[in-house]
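Top to bottom, those sequences are chains A and B. Counting in the numbering used here, the first sequence runs from 76 upward without gaps. Counting in the numbering used here, the second sequence runs from 9 upward without gaps.
Hints should not be assumed to be uniformly reliable.
Per label pair, the in silico range of CB-to-CB distance [as the list claims (entries may be wrong)]:
no., chain 1, residue 1, chain 2, residue 2, range
1, B, G72, A, G636, 56 to 64 Å
2, B, K190, A, T583, 52 to 60 Å
3, A, L487, B, G135, 47 to 55 Å
4, A, L487, B, R239, 55 to 63 Å
5, A, V455, B, C76, 22 to 30 Å
6, A, T583, B, S187, 20 to 28 Å
7, B, G72, A, V456, 31 to 39 Å
8, B, C76, A, L576, 37 to 45 Å
9, B, S65, A, R558, 28 to 36 Å
10, A, R649, B, Y243, 47 to 55 Å
11, A, V456, B, G135, 33 to 41 Å
12, A, L576, B, F21, 31 to 39 Å
13, B, R276, A, T562, 38 to 46 Å
14, A, R558, B, R239, 23 to 31 Å
Partial chain B-side listing against chain A, Cβ under 7 Å, derived [stated by the list, open to error]:
no., residue
15, R86
16, R87
17, L141
Here are the computed lysine-lysine pairs in the DSSO-like style, where the Cα-Cα straight-line distance is at most 27 Å [to be verified]:
no., chain 1, residue 1, chain 2, residue 2
18, A, K640, B, K139
19, A, K652, B, K129
20, B, K190, B, K139
21, A, K205, A, K249
22, B, K190, A, K652
23, A, K413, A, K482
24, A, K482, A, K232
25, B, K139, A, K652
26, B, K129, B, K139
27, B, K88, B, K137
28, A, K205, A, K392
29, A, K190, A, K213
Simulated from the structure, these hints should not be mistaken for lab results. Bear in mind that the values here come from a model prediction, so they are computed numbers and not experimental data. Note that the Cβ used here is the ideal one computed from N, Cα and C, for glycine as well.
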Amino acid sequence: MAFASQARGLKVTILFALLLALLVAVGSTGFPTRALAESADEQTAEGGEATEAEQEAEGGEPAEGDEAATDEESEGEPANADEPTAGQTATTQPTATTGATPLEYNNIDELRDKKIGMLNGAVFDQLILKNFEGFSQKSFKYFNSNAEITGALLTEKVDAMITDLPIAQLTVNKNEGIGIMPDPLMEDHYGYVLEKDSDLTAQINERLAVYHDDGTIDRLTQKWLSADDSAKTMPDMDWDAPNGTLTVATSLDSEPMNYAVGDRPSGLCLELLELIARDLGYGIEYRTTNAGSLIAEVQSGKAEIAAASFSITDERKQQVDMTDPFYDGGVMVVVRTKGNTESDQGFFSGLANSFRRTFVEEDRWQLILSGLGVTLLISVVSGALGHVLGFVFVMLRRKKEGGLADKLVHLLESLLGGLPVVVILMVFYYVLFGSINIPGVIVAILVFTLLCGSSSGSIMWNAIRAVDVGQTEAGRALGFGDRDTFTLVVLPQAARQFVPLLLAQFVTLIKDTSIVGYIAVQDLTRVGDLIRSRTMEAFFPLIAIAVIYFAICRLVAWLVGLAAKRLEPKEGPRTIKGVEL
Amino acid sequence: MSIIEVRHLRKEFPNVTPLKDVNAYVDAGEVISIIGPSGTGKSTFLRCLNRLETPTSGEIIVDGQDMCDPNVDLDAMRRKMGMVFQNFNLFDHLLVAENIMLGPTRLLGMGTQEAYDLSLKLLAQVGLKDKALNYPRELSGGQKQRVAIARGLAMSPKILLFDEPTSALDPQMVSEVLSVMKDLAARGLTMLVVTHEMRFAREASSRVFYMDRGELWEAGPPAQIFEHPQRQETYDFIFRVRTWNWSIGDVDYDFPAMMASLEAFCNRQLLERRIANGCQMLIEEVTENYLIPTARTHGLADPGIEYALSVSEGGARANLEIDCRRFAQVGAGLQDVVAQEDEISGMLVRGITSDVSIEDGILRCTIG
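Just chain A, with the same shape it has in the complex (with noise of 0.2 Å):
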């Protein structure tokens, strides 16, 4: 019996995560699929492969003068839906490969009734809104990587993206279907952000300037935005640091300026940056957050220097010290091209493609076992330590009720429990230790520990409850104290009610730490990001991910079942432990 139902438990989970996996194949392949192409001579050579897969796939329409497939014909059944599609496949993919195709919008003032999607913290709108009429603050939609505006403007949520000029030719080299609009917004200007009145401002600027006048500023723009990969690297951080170590923030999700090639933190805006460092004597650490957050680690005090595509503003400098320009370039407008809307790559390759881009290509399969291992880590010690603090609080209460340590928990619980998580989180990375330099897992952990604390020991404090008062007087009446009533006598039967409880709130627990990326913790959920901010791929890392935390938490919940069946009284002959029946 018991076995039987453990099996089918395991059969479901198995049939949800094919299901999943078909919708992983359909959102990859669907419309949006014009995301695929990584460039262009990847395109072209694997363009042959790609029409025969997808022939396959719809079963054997013959290609013109291909003798192999014509054998196929009478096994399937031509579809005469599909025949343009193959038609067009055909015809459009010569065209989407020249660049040229005709954009959707050719002009700015095309998008005043439009929504233009920007990197939250930048400063595109307050730019658009000055320069340009008919604009609101409802014409904007703000998001936290480029990956995901790309992801927006390809399946249409959005219609134009506002990015610099490096990101936005990298973008539109990487997916297809989207092109630049030939005249910049306006011309931009990186610097660097520090704290207010730092020390160090004039000094980077100093280095700034050497730079500029040697052409090593040049050299290195020309290294980052060519089209050569190979050529992008970076130094190794070797030199000597006598005046100590630098904190550098940074958001690992603007190629070429700042992003990650496997996991060293590289680009322009960093090579530039640690070539300074040097000069001045200071080694570097850098903390990888959202480029939302990044002005907010300087503030805090968390890092000394943010280092991100950050355009020079008065707005800025009364905040922060912002140094002189390492960076002139533009702000442009990348929108769709006219038509095109096929893909040009079969189903599988396709698949394939991207399954080799976001687990295979520099190793990032380790990235994405140590966001695992990250997630795991937190959802599991912060589990284990707060069904020990529920506990404690349970204790705490049956001291006396209506007490202070009851009045205290009490507080506790409504105000955890009338706060989102993601803000308890932020107020505690950034406010109550915004000051101490703490890493973001210990505060995760701490965060999630109490949470679950205070939501397992109200569950706690709810079975205990539940169990009928006459059980605690037969226990005193026998002649036990307090404790051994509640030890041998309340606690076993409420434990009954709650230990599933607790477990299955361990599920709740594991998802409810993807957020921890908003405290620049790369967990599971934050490597996603990267991955689709490196890959410039909008959607498969996205249901990668997805499959994973599915995964891990429907195996949780079939050990969660397994363990909750153990608790249930055992059939077959009863024993007492130490006697002879």
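For chain A, the structure is supplied; the task is to place chain B on it using the hints.
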């Protein structure tokens, strides 16, 4: 010397004062039944004795120890007095044997095997030796209560407190619990029993406490309380008169409904079985074998018979009145019922009741 002494015991709750001023003593080996109307502090009194309730004021001396002394070792005192609850309160997560073993192993330092053997011995005493390895939820109410008694006995208490031990039981399970309790009473254990079972109070207890409105009105041997109560309150409670009324307005009446109603009344009034059987037989004989046939012979479609059965003395006596005045209108005499010695009805009636009188068409008799 008294094993329990209670002086000026008072217990107040925020809205109600169940105990006003209770004074009592219990000698070792006594079996005390505490009777009285519902909600008059009987259970509160019992729960104060082992301090499940904390008295507002007064003194409770158990075995020479003041239970209200802040320094008293309550746990140790409670081990001397077991308690049996209305709702059994068996530990649902433990086997029956484990329920009984828990106290001796954890509190008396008894070995597991020894405790198990003890539990089997006690279970045998209450007739449940084969249920040692069952969970409480697998037992009937009566069986649960017997296990609870065994659990109390396992601590070898000097005193056993019973808080309405049969009130939550179906009628057929009451007797199995009462017989176990009677057995204990006969073995000299000091027992205090809050109960509504008048028969148990009468037959098994050495003294009866009558409690009402927060006070102990009268304490005395069952013969005194049940036959010659000294206080008006006790008299009213013991001799509360209850009546069963029924009328037959058609010769084709609903006989089963009438007998079912009568039986329910007898059960509710805790009428002794002998008396209840007598009443039922008498009414059935007189009605079915005489009254209804007579009414039919005389063409009396609506016989208009009225029955009134009243119970007194805690179920030891019943008075029956049968009003058949309409029979006189058609010239049928009631005398025939008792007069004809060779008739079965007549013999039966005289066998069950001794004092039958017939006056103005009304038959009166006493049963018991």
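Against the structure, the hints:
no.	hint	result
1	G72/B with G636/A: 56 to 64 Å	holds, 57 Å
2	K190/B with T583/A: 52 to 60 Å	holds, 57 Å
3	L487/A with G135/B: 47 to 55 Å	holds, 53 Å
4	L487/A with R239/B: 55 to 63 Å	holds, 58 Å
5	V455/A with C76/B: 22 to 30 Å	violated, 52 Å
6	T583/A with S187/B: 20 to 28 Å	violated, 55 Å
7	G72/B with V456/A: 31 to 39 Å	violated, 56 Å
8	C76/B with L576/A: 37 to 45 Å	holds, 42 Å
9	S65/B with R558/A: 28 to 36 Å	holds, 29 Å
10	R649/A with Y243/B: 47 to 55 Å	holds, 54 Å
11	V456/A with G135/B: 33 to 41 Å	violated, 55 Å
12	L576/A with F21/B: 31 to 39 Å	holds, 35 Å
13	R276/B with T562/A: 38 to 46 Å	holds, 45 Å
14	R558/A with R239/B: 23 to 31 Å	violated, 46 Å
15	R86	holds, 4 Å
16	R87	holds, 4 Å
17	L141	holds, 4 Å
18	K640/A with K139/B	holds, 25 Å
19	K652/A with K129/B	holds, 19 Å
20	K190/B with K139/B	holds, 22 Å
21	K205/A with K249/A	violated, 31 Å
22	K190/B with K652/A	violated, 34 Å
23	K413/A with K482/A	violated, 64 Å
24	K482/A with K232/A	violated, 48 Å
25	K139/B with K652/A	holds, 17 Å
26	K129/B with K139/B	holds, 12 Å
27	K88/B with K137/B	holds, 25 Å
28	K205/A with K392/A	holds, 18 Å
29	K190/A with K213/A	holds, 8 Å
The structure fails hints 5, 6, 7, 11, 14, 21, 22, 23, 24 (numbered hints given earlier, in ascending order).
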